[in-house]
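There are 4 protein chains.
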Amino acid sequence: METLLRRCQIRSQIVRECIAEFLGLYILIGSGAAAQVVTSRGTHGDYLTIQLGSALGAVFGIFVARGVSGAHLNPVYSLSLCVLGRHPWKKLPLYSLSHLVGAFLGAATVYLQYYDAIQTFSGGELLVAGPNATAGIFCSYPADHLSFWGGLVDQVVATALFLLCCVALEDQRNGPLPDGLHPVLVGALILTMGVSMGSNCGFPLNPARDLGPRLFTFVAGWGEEVFKAGGGWWWVPIVAPFVGGLLGTLTYELLIEAHHQTTPQSPQQEQEAVELEEVICIDCEI
Amino acid sequence: METLLRRCQIRSQIVRECIAEFLGLYILIGSGAAAQVVTSRGTHGDYLTIQLGSALGAVFGIFVARGVSGAHLNPVYSLSLCVLGRHPWKKLPLYSLSHLVGAFLGAATVYLQYYDAIQTFSGGELLVAGPNATAGIFCSYPADHLSFWGGLVDQVVATALFLLCCVALEDQRNGPLPDGLHPVLVGALILTMGVSMGSNCGFPLNPARDLGPRLFTFVAGWGEEVFKAGGGWWWVPIVAPFVGGLLGTLTYELLIEAHHQTTPQSPQQEQEAVELEEVICIDCEI
Amino acid sequence: METLLRRCQIRSQIVRECIAEFLGLYILIGSGAAAQVVTSRGTHGDYLTIQLGSALGAVFGIFVARGVSGAHLNPVYSLSLCVLGRHPWKKLPLYSLSHLVGAFLGAATVYLQYYDAIQTFSGGELLVAGPNATAGIFCSYPADHLSFWGGLVDQVVATALFLLCCVALEDQRNGPLPDGLHPVLVGALILTMGVSMGSNCGFPLNPARDLGPRLFTFVAGWGEEVFKAGGGWWWVPIVAPFVGGLLGTLTYELLIEAHHQTTPQSPQQEQEAVELEEVICIDCEI
Amino acid sequence: METLLRRCQIRSQIVRECIAEFLGLYILIGSGAAAQVVTSRGTHGDYLTIQLGSALGAVFGIFVARGVSGAHLNPVYSLSLCVLGRHPWKKLPLYSLSHLVGAFLGAATVYLQYYDAIQTFSGGELLVAGPNATAGIFCSYPADHLSFWGGLVDQVVATALFLLCCVALEDQRNGPLPDGLHPVLVGALILTMGVSMGSNCGFPLNPARDLGPRLFTFVAGWGEEVFKAGGGWWWVPIVAPFVGGLLGTLTYELLIEAHHQTTPQSPQQEQEAVELEEVICIDCEI
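Chains as they are written, first to last, in this note's numbering: chain A, 1 to 286; chain B, 1001 to 1286; chain C, 2001 to 2286; chain D, 3001 to 3286.
It should be emphasised that the hints constitute simulated quantities derived from the structure, not laboratory data. Quantities reported herein were computed from a predicted structural model and do not represent experimental measurements. Treat the hints with care, as some may be off.
[Said to hold, decoys possible] Output of the computed footprint for chain D on chain C, the stretches with three or more beta carbons under 8 Å from beta carbons of chain D:
no., region
1, 2194 to 2204
2, 2237 to 2243
3, 2249 to 2256
[Stated by the list, open to error] From chain B, some residues computed to sit far from chain A (all C-beta separations above 12 Å):
no., residue
4, Thr1043
5, Gln1172
6, Leu1191
7, Ser1199
8, Gly1232
9, Gln1261
From the three backbone atoms N, C-alpha and C, an ideal C-beta is built for every residue, glycine too.
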């Protein structure tokens, strides 16, 4: 087996990374929590379980890809790393494409798994709006109360806060994290977004995660309505997150990271040092 | 006490492992969250608490067995480890049998604990279908909307994603995990399945966890209907998970693990190295 | 301040431990999640939030006491440690008394904090049964469907599983835990009990946690009905947990712990060793 | 980019700390879970999601600020550290002001993001009471059943328990915590408060978190009613938390921390030492 696998080994680092990003986003979408709640008309979950599903889906998407590509799983995050000079610009289009393909196939898998349920629920009609609408399972649509500018602001604000926290979690000088906790915290962050910024337009936050499934529903039978709906809403969750992401990243850099002394001296870290000292003392006494 | 216990010590490694696998699955089932919600008609929990119960039950099942047998708790997982050459084939039947017995006795315990509640709820009639059905407390039955092929696909897809993530969590070259976090993450993974793939047929994912309790309900008074229901559904959650499990395992191996360099060089791990360096710096300054 | 505190320093280890156990249980009860849900008639929480409240209350009770007394917070747990020779028998009555006092004062605090709410909800009548009953906020009462033997079995089974898992979490040879994760896991275990074994009689599991608040309600105005209700139910959650606790402890000792080799050799731990090796390799490359 | 950022570097430690405290509280409030549930009339969340939102908001607020200022995010916590001689008194007003400004702008952001939703929900009328009230999204108001003294007691008790646990989590001699777990536990503590002490007056616990948004609603169009409501309730969540905070801090110091031996000797820690020993043994065998 091992030898068999060794034969298939790909030496190109970039190909490996793209495969990892693809698989990570595929798993992220694969958790079709919305499909379950919608088609079961709320008997098999509620708003919270949908948010738990997408947050946990992201956690395991990250665990699958983190060691190979760093598990960006979001073109906005890749962009912000490029801007910060922590990721090569030339990889950005390849990563983004991998995200898009992963999201498209993830949506296809959800449709495959819930084919019977969706057919029964919708009576065979694949609709974007109305009581039997099923397009909302796959990508974001604005709520009735939401104006165009309201949607734009919502996505800029949400993605800004999202990226600000993502960058903060990566900032080692702001306090280290144990291995393995980081993906869980990103999942918790997505849950936070879901329970606090999901009612305007479903917090896409991720252009690939929104466009990929939208393209799938377009070809799978929901038709061009998926692009027309909400007054041509489709491009907002593609453009706004990039704006918000840069805004959030720069905010963190300017307010926090730029001011770190090269050697950590903040009260928190001094205290951590003290803690470490104590821990070590305990060991010494063994 | 210690000396008394030492007398009972079993030297055979395989017997110890089978006992651990048995006890682990016994505890996994022992958490009868479904019994509580069904018999209380939803006053003592909802769909989410059922999923929390089975996820957390698995977490503690793993904690009980992990140090002795590695806590497979699922014949599909044992099989995938055998295929990968990480578990001896000859142990597979013994592990699977231990799982089956553990699941059977776990179901018996749930029935014992909820005997009064089930009798009151069902009016003494142990039914597989209908408003007062109680068989669903113990094992999986397909939803009305689910076709035979739909059920097969659902289980193959769900188990494939499940095993893919399980194998990823075990892959140390994809980023280490702190001791003790691994069982929690497997529980989180089961919760993910529950909130996103549970409405078609209750995401069995585990042949022993499904067949054991089904056998118990068969002998305990629900009768042969437990095998006839859903057009002879009973064998699908036994066969499909093995197919899906292999599919998921091989997908991860071919897309991710096969391509690891022997010495870790991925961005993520380089970064971790840097982090470690920084952490060490902090200590040094003490 | 420091010097002031140093003056109050108590040198007696046992007194310090009793204070810690007292405070831990006080906090455990202090989280009156049931009071909130009952008196708000479900507008401020549901069954799950009650379980989250008691689970998290226990987590922080443990964090408050763990360093001083080991945070037993349950006479059943103290007893099982005594039986295993890991805790001196002479401390058992003192610990149990501290638990009882902590639980009594914790209940008093909940009543103080929810005095207005309870008065408004109950119309000033402190009842044990009926639609406006409030005694269930403080301690356990059997559900209508539950027979005497059913209640006894429920408590023996639940406490057995509870202690079995508690002892497993303490068993270092079954895989180590990172500091600080242990209290969280005990909380998760209590949540598991709540979502899967709470509908028969509210999973007391803890004689002190049940009797202390019951005594408080007795003196606070609910009267002797708190002891008469459920056919003199009150003594079941005091006796049954001790029986179940010993059963669970011995089960784990006989099935798992007795068979550990003195030097760990189980697959899981070998694997951990390997992981450690890899982690170290990464560091070395820095 | 790096060089650009370096140009903006602020050398003053206190300014950096104030910015961090400001940003932390800004993020804490930024998660407008209440806005979502209220304006969606419960279709996009429930009481639990509101609590999850504020708890998780705090977690990420802490992650953003912890390395720079220690992430107090609450004037009460800063005060208790000052009283314990662990924080300079002269920083207290500056920290508190940063908290207030962060909370004010956080509330403004929530209003911006939910402008359409709030307008639609309230029909354009910004009310403090009644079925279409929206002021409760931003700060605390007492429930109808709550008397003045009841509210005062509720806040003193809740904040006392809150600070008692916060100080316990910081007490290294009561058992160390892994880096990165501490912020998560503080979030869990806030969740505990929310599910168990939220129905009387919404557990403000934090004068800045309550007054800042109240000031915002005052200027944003809800008018002076935000100060008149509940019989001039507004000052209770400002004064009571300071009283409760000191009470809880001193309780912990007098009952637990004052009695720690300088060299750790408690059973728990001895046991940890033993565990460490065992862990080390495992490593040795590599």
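Given as covered by chain D, does the region 2194 to 2204 of chain C meet the bar of three residues or more with CB within less than 8 Å?
As far as the region 2194 to 2204 of chain C goes, the hint is violated, because 0 residues have Cβ atoms under 8 Å from chain D.
Notebook entry, point to check: Can we trust that Leu1191 of chain B is non-interface, i.e. its beta-carbon lies farther than 12 Å from all of chain A?
Noted result: Nearest chain A Cβ is 6 Å from Leu1191 of chain B, so the label is violated.
- Task: Take a quick look at Gly1232 of chain B and tell me if its Cβ sits farther than 12 Å from every Cβ on chain A, holds or violated.
- Result: holds, 18 Å
Three residues minimum, CB to CB under 8 Å: does the region 2237 to 2243 of chain C make the cut for coverage by chain D? Let me know. Coverage by chain D is violated for the region 2237 to 2243 of chain C (0 residues, Cβ < 8 Å).
### Message
Checking a non-interface call: every C-beta of chain A should be farther than 12 Å from the C-beta of Thr1043 of chain B. Is that right?
### Response
Fine: 16 Å to the nearest Cβ keeps Thr1043 of chain B off the interface.
*Taking the minimum C-beta separation from Gln1261 of chain B to chain A, is that value above 12 Å?*
violated, 9 Å
Against chain A, does Ser1199 of chain B keep a CB gap of more than 12 Å to every residue? violated, 4 Å
Checking C-beta pairs, does the region 2249 to 2256 of chain C have three or more residues closer than 8 Å to chain D? violated (count 0)
Exercise for review: Test the statement that Gln1172 of chain B is away from the interface with chain A: the closest C-beta pair must be farther apart than 12 Å.
Suggested key: The claim is violated: Gln1172 of chain B sits with its nearest Cβ about 9 Å from chain A, within 12 Å.
Violated hints, listed in ascending order, are 1, 2, 3, 5, 6, 7, 9; each of the other numbered hints is respected by the structure.
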